[in-house]
Amino acid sequence: MKVDIIICGVGGQGVLLASEVLGNLAILARLDVKKSEIHGMAQRGGSVFSHLRIGEKVNSPVIPLGSADFMLAFEELEALRYAPYLKKDGVVLVNRQRISPLTVLSGDAKYPENPVAMMKEHFERVFEVNALELAKKAGSPKAVNMVMIGALSKFLDWDESLWLSAMERCIPQRFLSLNQRAFSLGRAG
Amino acid sequence: MKVFLSGNEAVARGAWEAGLIFASSYPGTPATEILQNLASYREIKAEWAPNEKVALEAAIGASFAGVRSMASMKHVGLNVAADPFMTLSYTGVNGGLVIAVADDPGLYSSQNEQDTRRYVKASRILALEPSDSQEALEFTKLAFELSERFDTPVLIRLVTRISHSKCVVEVGDRKEVPRKVPQIDPAKWVMLPAFAKERHKVVLEREKRLKEFAEGSDLNRCELLSEDIGFIASGICYQYVKEAFPEASVLKLSVINPLPLELVRDFCSKVKRVYVVEELDPIFEEQIKAAGIHVVGKEVFPEYGEFSPDLVRSVVDKGYKPSYISFSDIPARPPTLCPGCPHRGVFVALRKAKVKVFGDIGCYTLGALRPLSSIHSCVCMGAGVSMEHGAASVGMGNSVAIIGDSTFMHSGVPSLMDIVYNNSSSTVIVMDNGTTAMTGKQPHPGTGVNAKGEPAPKIPMERIAEALGVKRVRIVDPYSVDEVYRAVKEEVQVDEPSVIITRRPCTLITTRPDEIWEVDKDKCIACGACLKVGCMALSMNGKAKIDEVLCFGCGVCAQVCPVEAIVKRNGGSNEG
Ligand SMILES: Cc1ncc(C[n+]2csc(CCOP(=O)(O)OP(=O)(O)O)c2C)c(N)n1
Numbered sequence: 001m002k003v004d005i006i007i008c009g010v011g012g013q014g015v016l017l018a019s020e021v022l023g024n025l026a027i028l029a030r031l032d033v034k035k036s037e038i039h040g041m042a043q044r045g046g047s048v049f050s051h052l053r054i055g056e057k058v059n060s061p062v063i064p065l066g067s068a069d070f071m072l073a074f075e076e077l078e079a080l081r082y083a084p085y086l087k088k089d090g091v092v093l094v095n096r097q098r099i100s101p102l103t104v105l106s107g108d109a110k111y112p113e114n115p116v117a118m119m120k121e122h123f124e125r126v127f128e129v130n131a132l133e134l135a136k137k138a139g140s141p142k143a144v145n146m147v148m149i150g151a152l153s154k155f156l157d158w159d160e161s162l163w164l165s166a167m168e169r170c171i172p173q174r175f176l177s178l179n180q181r182a183f184s185l186g187r188a189g
Numbered sequence: 001m002k003v004f005l006s007g008n009e010a011v012a013r014g015a016w017e018a019g020l021i022f023a024s025s026y027p028g029t030p031a032t033e034i035l036q037n038l039a040s041y042r043e044i045k046a047e048w049a050p051n052e053k054v055a056l057e058a059a060i061g062a063s064f065a066g067v068r069s070m071a072s073m074k075h076v077g078l079n080v081a082a083d084p085f086m087t088l089s090y091t092g093v094n095g096g097l098v099i100a101v102a103d104d105p106g107l108y109s110s111q112n113e114q115d116t117r118r119y120v121k122a123s124r125i126l127a128l129e130p131s132d133s134q135e136a137l138e139f140t141k142l143a144f145e146l147s148e149r150f151d152t153p154v155l156i157r158l159v160t161r162i163s164h165s166k167c168v169v170e171v172g173d174r175k176e177v178p179r180k181v182p183q184i185d186p187a188k189w190v191m192l193p194a195f196a197k198e199r200h201k202v203v204l205e206r207e208k209r210l211k212e213f214a215e216g217s218d219l220n221r222c223e224l225l226s227e228d229i230g231f232i233a234s235g236i237c238y239q240y241v242k243e244a245f246p247e248a249s250v251l252k253l254s255v256i257n258p259l260p261l262e263l264v265r266d267f268c269s270k271v272k273r274v275y276v277v278e279e280l281d282p283i284f285e286e287q288i289k290a291a292g293i294h295v296v297g298k299e300v301f302p303e304y305g306e307f308s309p310d311l312v313r314s315v316v317d318k319g320y321k322p323s324y325i326s327f328s329d330i331p332a333r334p335p336t337l338c339p340g341c342p343h344r345g346v347f348v349a350l351r352k353a354k355v356k357v358f359g360d361i362g363c364y365t366l367g368a369l370r371p372l373s374s375i376h377s378c379v380c381m382g383a384g385v386s387m388e389h390g391a392a393s394v395g396m397g398n399s400v401a402i403i404g405d406s407t408f409m410h411s412g413v414p415s416l417m418d419i420v421y422n423n424s425s426s427t428v429i430v431m432d433n434g435t436t437a438m439t440g441k442q443p444h445p446g447t448g449v450n451a452k453g454e455p456a457p458k459i460p461m462e463r464i465a466e467a468l469g470v471k472r473v474r475i476v477d478p479y480s481v482d483e484v485y486r487a488v489k490e491e492v493q494v495d496e497p498s499v500i501i502t503r504r505p506c507t508l509i510t511t512r513p514d515e516i517w518e519v520d521k522d523k524c525i526a527c528g529a530c531l532k533v534g535c536m537a538l539s540m541n542g543k544a545k546i547d548e549v550l551c552f553g554c555g556v557c558a559q560v561c562p563v564e565a566i567v568k569r570n571g572g573s574n575e576g
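Heads up: the sequence lines are chains A and B, in that order.
Okay, so the first sequence: first residue is 1 according to this note's numbering, each after it adds one.
Okay, so the second sequence: first residue is 1 according to this note's numbering, each after it adds one.
Isolated chain A, as found in the complex (with noise of 0.2 Å):
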């Protein structure tokens, strides 16, 4: 098996946690795991993102172009900028929330239309999230990150359980029932 996911978003909205919790799925399911991301200057509001890549065995931590099974898209904005390691037949998740970068504020660039349009019109498997208004209901705007992987586990085969442990690994003690709320929302959702 093989499982190629692009997680992407803005500085602030947990993208990193999310891979992290992943990767620990990941090992828990006694499979290889990578997990590649930038930090430093990206960190200061700028565009986030994660490649995590799932296997018997994984070699480069870099998810190739246009070979992504999973996008999981916090931001509209951000789904189009990373569309390229996407595969054709690939999941999108996307969070329909849009948060405008500097250069849209300031009036040096425009925020597109629709994004969310724009990915349906190559992708056929686009699924929107309102991500925000369940992580909220869960108890903080803060766990868009947990409802994501949420709506993803869907998809994948793995037991609620592991996914469930996976967070347990990664989230401390006194976060975790807000979080494993709105990871079981975003899978009921």
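The set of hints was computed from the structure by calculation and includes no laboratory data.
Where is the CB? At the ideal position from N, CA and C, for every residue including glycine.
Check before you lean on any hint, since a few could be wrong.
From the structure, some residues in chain A lie toward chain B, with a derived Cβ separation under 8 Å [said to hold, decoys possible]:
id: 1; residue: 23
id: 2; residue: 32
id: 3; residue: 35
id: 4; residue: 46
Covered, in the sense of this in silico footprint (three residues per stretch, anywhere, with C-beta under 8 Å from a C-beta of chain A), are these stretches of chain B [as the list claims (entries may be wrong)]:
id: 5; region: 78-92
id: 6; region: 160-170
id: 7; region: 297-311
id: 8; region: 529-540
Here are the simulated lysine-lysine pairs, BS3-like style, with alpha carbons at most 25 Å apart [what the hints assert, rightly or not]:
id: 9; chain 1: A; residue 1: 110; chain 2: B; residue 2: 543
id: 10; chain 1: B; residue 1: 321; chain 2: A; residue 2: 2
id: 11; chain 1: A; residue 1: 87; chain 2: B; residue 2: 321
id: 12; chain 1: B; residue 1: 270; chain 2: B; residue 2: 321
id: 13; chain 1: B; residue 1: 568; chain 2: A; residue 2: 110
id: 14; chain 1: A; residue 1: 142; chain 2: B; residue 2: 545
id: 15; chain 1: B; residue 1: 452; chain 2: B; residue 2: 45
id: 16; chain 1: B; residue 1: 289; chain 2: B; residue 2: 321
id: 17; chain 1: A; residue 1: 88; chain 2: B; residue 2: 543
id: 18; chain 1: B; residue 1: 441; chain 2: A; residue 2: 142
Once you have looked at the hints, place chain B with the ligand on chain A.
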């Protein structure tokens, strides 16, 4: 036990398992997390030094004293540490000494793209390059042993993609290593010309033994598959090659200095067409070709930027075109100063004062970008202050230097000394946000905290400036654009050295105040002046709008509004 570790975490783990006692470093992406992780181990004395030279010298001292020691840094950090580094090759070690250096192909967060392997070759020491986190752990662990066996420092070469990628790693236990007696041996440790002359010969002899080791070591691995096409690669490039050409033969190099050229010769005699795949400089290729072995390298591969499986494949297989969808005209999302960042007010004041600004490296370098656009140079850490001196000395006039607090401690102090000693009427602004923000809020000698998070003596920069003989030292609040503006205007005029310290904690190390700002819609004339402070909390939709979750209450936007339409409001909610 199997865990999920980044390359940097694995280096730290390997060093801990090897019985490391002392480690020193200065932050720098992508190497920062090595020391951060070392600091979490009780057995290790892990420190942030003021700069990389000091860090390496401290590690040399610990090695001299008889324990295993380590220094870690980013590639340009090795420039700063190059002086001790080059002579350390002559002295050799007592306790095992490992230097972990992370290069940044593709310049994700650096000012240049230099290749550390040049230094390694010049110094003739042993260097290993891991291709994943498991190897990062194992090679680091082994490096201490090799360091002691061959009496050489060992360099672990990393790149961003290894440092910041996570893999499944089997970890082990720590093994304590007995302390050696301090090495009192002037002919080995006192590098006077007479002694150093002899040590240079020792270095050349050692290199021969290291070559034998490289030729015979099973760290280098020959994977013979195809007879038609083969690759020579190390580190991350090995993974790219395996991904792009699973059927090809590969000579995987792990000992990257000295090179096992006989092994290379043997490999190339068995495979018809051999490519050398290396990011950045043609270091392997030059040596291989100089040995009269035919390979293909930079004739086809770029000498800049980061590689990828796609790049390797499309360079070698001209017919290969990955098929994918890409959208054009996607607005960029560059990193920006956070809402409430104390640097913002300084840039707004500098823009208004219309001065030339010699900048430096840190979060504040972002002040060079639109719409703040108020930095006119950035070369390396500390350079802003020295450049201001040079320019002031030749009468350019109307300029200032800006430097962050951590950068001031790193290398700004000798530059300020230069200003005083050689008497230029330079103005230096130290932007003191109480942390090393750019690399993730590490403490430094001015913060009162050490690498382990314990209280430490605090070294105030105003006292340093005064002790150096600067008579005009003043501290201003960067949230007040006017205060900074007036200070700049005054100090640029005076005929002697001056230091302005703009002091406010970074928003990442402080809590949001209760008071935030909002736009009075009736007063707003939608002129867009507030947008020119470059804050994510501000937007314009008919009228200006302030995002109540993002606003940090600094009030800089209110100070540039020509009609006083931005007003205080209470009770900003803290969620979000
Ligand atoms: C020689 C060298 N070492 C380390 C770095 C990485 N680095 C860039 S800026 C910086 C320090 C920034 O701290 P500070 O000066 O306090 O500015 P701030 O980011 O807090 O605004 C560091 C460690 C570098 N670029 N060059």
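Would you check the hint for residue 568 of chain B and residue 110 of chain A, treating anything up to 25 Å between C-alpha atoms as holding? Given that 25 Å is the threshold and the Cα spacing comes to 30 Å, the pair is violated.
Need the status of pair residue 452 of chain B, residue 45 of chain B: alpha-carbon distance at most 25 Å? OK: residue 452 of chain B and residue 45 of chain B at ~9 Å, within 25 Å.
Let's test the interface hint: is any C-beta of chain B closer than 8 Å to that of residue 46 of chain A? holds (4 Å)
Take a quick look at whether residue 110 of chain A and residue 543 of chain B sit within 25 Å of each other, Cα to Cα. Satisfied, since the Cα-Cα distance of roughly 17 Å is no more than 25 Å.
Within 25 Å, alpha carbon to alpha carbon, are residue 270 of chain B and residue 321 of chain B? Violated - the C-alpha atoms of residue 321 of chain B and residue 270 of chain B are around 29 Å apart, more than 25 Å.
Taking only the CA atoms, is the gap from residue 87 of chain A to residue 321 of chain B under or equal to 25 Å? holds (14 Å)
Are there at least three residues in the region 78-92 of chain B whose beta carbon sits under 8 Å from a beta carbon of chain A? violated (count 0)
Holds or violated: residue 289 of chain B to residue 321 of chain B, with C-alpha atoms at most 25 Å apart: violated (30 Å)
Residue 35 of chain A was flagged as interface toward chain B. Is the shortest Cβ-Cβ separation under 8 Å? Because about 4 Å separates residue 35 of chain A from the closest Cβ in chain B, which is inside the 8 Å limit, the hint holds.
Holds or violated: the hint that residue 32 of chain A contacts chain B, with Cβ atoms closer than 8 Å. holds (6 Å)
Proximity test - 8 Å, beta-carbon atoms, the region 297-311 of chain B to chain A, at least three hits: It holds: at least three residues are needed, and the region 297-311 of chain B offers 3 whose Cβ sits within less than 8 Å of chain A.
Counting residues of the region 160-170 of chain B with a beta carbon closer than 8 Å to any beta carbon of chain A, are there 3 or more? holds (count 7)
Hints 5, 12, 13, 16 and 17 from the earlier list are contradicted by this structure; the remaining hints agree with it.
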